[in-house]
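Trainee: Throw the hints in and build the complete structure from the sequences for me.
In this text, residue positions in the sequence shown follow full-length UniProt numbering: the first is 1, and each later residue adds one.
Worth flagging that the hints you see were computed from the coordinates, not collected in a lab. Keep in mind that a hint or two might mislead.
What the hints assert, rightly or not - Between beta-carbon pairs, the in silico distance windows are:
{"hint": "1", "residue 1": "GLN62", "residue 2": "PRO189", "range": "39 to 47 angstroms"}
{"hint": "2", "residue 1": "ALA177", "residue 2": "ASN220", "range": "15 to 23 angstroms"}
{"hint": "3", "residue 1": "GLY35", "residue 2": "PRO67", "range": "16 to 24 angstroms"}
{"hint": "4", "residue 1": "VAL69", "residue 2": "GLY207", "range": "24 to 32 angstroms"}
{"hint": "5", "residue 1": "PRO189", "residue 2": "VAL69", "range": "32 to 40 angstroms"}
{"hint": "6", "residue 1": "GLN62", "residue 2": "ARG139", "range": "17 to 25 angstroms"}
{"hint": "7", "residue 1": "ASP179", "residue 2": "PRO34", "range": "39 to 47 angstroms"}
From the three backbone atoms N, C-alpha and C, an ideal C-beta is built for every residue, glycine too.
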Amino acid sequence: MPPTVILIRHAQALHNLGFEQCKELREVLKTTLPGRLDPDLVIVSPMARTLQTALASLDWLQETGVPFVAHAGWQETTDNPCDWGVEISEVSPSFPTVDFSKVDPIFPEKKAPEAKLYHFNRQALVTRAQTVLAELYARPEKVVAVVSHSAFLSKAVSGSMYHNADFRIFDFEEPVAADAAEAKSTAHPDLPPLVYRLRERDETLKGRGGMGWSPDQVRNIGDELAD
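Mentor: As structure tokens, this is what we get:
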């Protein structure tokens, strides 16, 4: 059985509201998850704000031995400076309890031909989303928490909207064959097959996110992404 997935958007900058948001997020997660949904893996985009958010809000999991693993596939969408990470050799010393060993060696490159999975266009971004979802679907854990970014989570992965430091809980739908998936992708004909889809649980879908901070809106996968 594939894992239940908790998708978390990073908090605001720590010099702004970030610390307070992480404090509130930590309290809600630590109060509501244990005994019901116990993450046995945390995957985090290898960018400073996601790493900071993961450690500030989920540190109680790390204390029980839950591994924190950085994954380039969950980085943000654009190739703007604010969405471009730094070399792992630069960021990893600040986060010694996170495993960076499996980060794609091409990170943070997003423009070179060999980095096509990270290019800023609809087909590449949805392909990347389907790639990380396929990986999640095959994982042995029962519950996986992922700390990522608003545009990638909303426009390419789940369709749901995310306020800073809010979270949503999902189960996988049954994967469909590629030819059937293509037939369902009518909003954007250029999309790759949407073989893997997430179904949000009512507890967050109907509550504007787990923190109650997020817009009550669901978009089509691929909406507002560059052609």
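Trainee: Any hints from earlier that this structure breaks? Give me their numbers in increasing order, please.
Mentor: Violated hints: none at all, because every hint is consistent with the structure.
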